[in-house]
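Here the protein sequences line up with chains G and E, keeping their order.
Add 259 to a position in the first sequence, counting from 1, and you land on the number used in our numbering.
Add 259 to a position in the second sequence, counting from 1, and you land on the number used in our numbering.
Hint data in this document are derived by calculation from the structure and do not stem from the laboratory.
This one's a predicted model, so the numbers in the text were calculated from it and none came from an experiment.
Note that the Cβ used here is the ideal one computed from N, Cα and C, for glycine as well.
Hints may be right or wrong, so weigh each one.
The calculated label-pair distances, taken between Cβ atoms and stated as ranges, are [what the hints assert, rightly or not]: (1) Arg450/G with Arg478/E: 54 to 60 Å; (2) Gly517/G with Glu299/E: 44 to 50 Å; (3) Arg450/G with Val495/E: 41 to 47 Å; (4) Arg362/G with Asn438/E: 57 to 63 Å; (5) Val495/E with Gly517/G: 51 to 57 Å; (6) Arg478/E with Thr288/G: 31 to 37 Å; (7) Lys449/E with Thr387/G: 35 to 41 Å; (8) Arg461/G with Asn438/E: 26 to 32 Å; (9) Glu514/E with Arg406/G: 42 to 48 Å; (10) Glu455/E with Thr288/G: 17 to 23 Å; (11) Arg406/E with Thr387/G: 54 to 60 Å.
Interface residues of chain E toward chain G, partial, derived using beta-carbon atoms under 8 Å [said to hold, decoys possible]: (12) Lys284; (13) Asn287; (14) Ile307; (15) Asp309; (16) Thr341; (17) Arg378; (18) Ile380; (19) Glu465; (20) Lys473; (21) Pro488; (22) Ser496.
Protein chains: 2
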Amino acid sequence: MGRKAQYKQTTFEIISIGNELLIGKVVNTNASWLAKRITEIGGFIRRIVDVRDDLSEISSAVREALKRGTKWIITSGGLGPTFDDMTLNGVAKAIKKPLRLNRQAYQMLVEKYKEMFERGILKSLDITPERRKMAELPAGAVPLRNRVGTAPGVLIKFGRQRIACLPGVPAELMDIFENELLPTIQKSIKRVHMIERTLIARDVVESALAPVIKEVMSRHPLVYIKSHPKGRESGVSIIELHLTAVAPSPEKIEEDMGQAVQELKEKIAALGGTTEQ
Amino acid sequence: MGRKAQYKQTTFEIISIGNELLIGKVVNTNASWLAKRITEIGGFIRRIVDVRDDLSEISSAVREALKRGTKWIITSGGLGPTFDDMTLNGVAKAIKKPLRLNRQAYQMLVEKYKEMFERGILKSLDITPERRKMAELPAGAVPLRNRVGTAPGVLIKFGRQRIACLPGVPAELMDIFENELLPTIQKSIKRVHMIERTLIARDVVESALAPVIKEVMSRHPLVYIKSHPKGRESGVSIIELHLTAVAPSPEKIEEDMGQAVQELKEKIAALGGTTEQ
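Chain G on its own, in the form it takes in the complex (with noise of 0.2 Å):
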């Protein structure tokens, strides 16, 4: 099982690239960032993939998550000058599409660069070939504004999918996804409601909750609850339960999840443990 995209929910997957990730130099916070922010809005992830600053790594994962028909893709990281800056090359690769200068997004970096020169930053006003480099897009793209760094995010149409480009330094994607990118993501997205609760649950092994959990989730069958065994407390186990439930409109899960709750910590006391909310 595992909750499937339920009601249609609108799928996303995140490509992370770095080497900086494949060598656990970096935590992928950039991806959990992204994976909070879309399940807010009522999107369904369905995969993040962490893959190498390499062409073939990167466009067959583009490939791969087009072919699972993934509506809303993903990608942060390796949009900079550097000649291992190479997502466009991948995405380029991935969809069949030339890559091309892109007249908008040059006249981003050259607004970009000229206000660095005006403040001292920049000593050279050239738009030597690594600069130019970040405004050749694949064919069709628009251009993001990216207001904290240099390299535009990039939004690409493929048939009815969509593939979303954004740096890799967290500052400048969470500007991008925030200020460019959700609102056309909330135009095309499925409208739904989400609720969570936590409840922690003490003195009862996970073992113990597990029959007790699966009956209450077949008593409510838009609920789900995780378990997150918390470790122990002067040998007291402690678990954290971690509800969700999902659905079109708001008033039916809270009614369920209330009871869901209920339920739970009924049959945890009756099992000799405790909760707290």
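Fit chain E to the known structure of chain G by using the hints.
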């Protein structure tokens, strides 16, 4: 480009299982911890994939990694007693083996429960179906002792490939990796030496550094240089340069690395920037 697994480094993939990762409730520190440890011992992590507690998602992720020819596939999460702990089911499906009660794993569980019962953590010694489930492994698998928690890890041979399943609780994952899995991995892995250096460059932007990095790398093909923009401090651009080199013996790369760092420093100074190590 992107650094390929040089010198036929042994390849690894990490598959992290759990809805909590896909809703952004939990940051995947297990994957980055594993990636760091595996990199340190000379392994090459090709891909990290996060999937939901969903049987077909788990089995396809495992099947895809096997198909790519990856030598070691390490999963985390989904080994516990609840209905949505289905990693072993997913792996069994991927390798087309039935699940069977493993005597050794069963013995480990019985000992664990006896100890918990004696310490008063457990109220009943019954081996319920939920408890028994943790000892049902794909036929031919070997359990890996879990000193911290209950569910044993699992090691599976699949032709020349290996699949290791670890629990999602970080302390349990680390314990089994270090004490049970590492010796087996080290026997199977090709030995390589890896060295790393970090250089902070100030007052030179990434697009100006890009051709410098390319040039230094072309002169020292064993050294891989990745730039990480770290934002600005009072208008001054800060870039972290991370250098790695991998080779079968340490001598050659030590010399190469020293030269690469020296050349970077000189070239950054020529651009008007400063560096520190």
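Exercise for the section: Please verify that hint: Arg378/E, Cβ, nearest Cβ of chain G, below 8 Å or not. Expected result: Arg378/E check passes; min Cβ-Cβ to chain G is 6 Å, inside 8 Å.
Exercise for the section: State, for the Cβ atoms of Glu455/E and Thr288/G, whether the hinted interval 17 to 23 Å holds or is violated. Expected result: holds (21 Å)
Handout entry: Per-residue hint verdict: Lys473/E, partner chain G, C-beta under 8 Å
Key = Nearest chain G Cβ about 5 Å off; hint holds.
Problem - Satisfaction of the hinted span 54 to 60 Å by the C-beta atoms belonging to Arg406/E and Thr387/G - result: holds (56 Å)
Exercise for the section: Using 8 Å as the Cβ threshold, decide whether Lys284/E counts as touching chain G. Expected result: Check passed: Cβ of Lys284/E comes within 7 Å of chain G, closer than 8 Å.
Practice task
State, for the Cβ atoms of Glu514/E and Arg406/G, whether the hinted interval 42 to 48 Å holds or is violated.
Solution key: holds (44 Å)
Exercise for the section: Note whether the CB distance of Gly517/G and Glu299/E lies within 44 to 50 Å or breaks it. Expected result: Hint holds: Cβ distance 49 Å, inside 44 to 50 Å.
Practice task
Grab the minimum C-beta distance from Glu465/E to chain G and call the hint holds if it beats 8 Å, violated otherwise.
Solution key: Result: holds, 6 Å to nearest chain G Cβ.
Practice task
Can you let me know if the beta-carbon spacing of Val495/E and Gly517/G is within 51 to 57 Å?
Solution key: holds (55 Å)
Practice task
Could you check the hint for me, namely that Arg450/G and Arg478/E are 54 to 60 Å apart, CB to CB?
Solution key: holds (56 Å)
Problem - Hint validity - Ser496/E Cβ closer than 8 Å to any chain G Cβ - result: Holds. Min distance 6 Å.
Handout entry: Hint check for Asn438/E and Arg461/G - Cβ pair distance inside 26 to 32 Å
Key = holds (29 Å)
Consistency note: the structure conflicts with none of the earlier hints.
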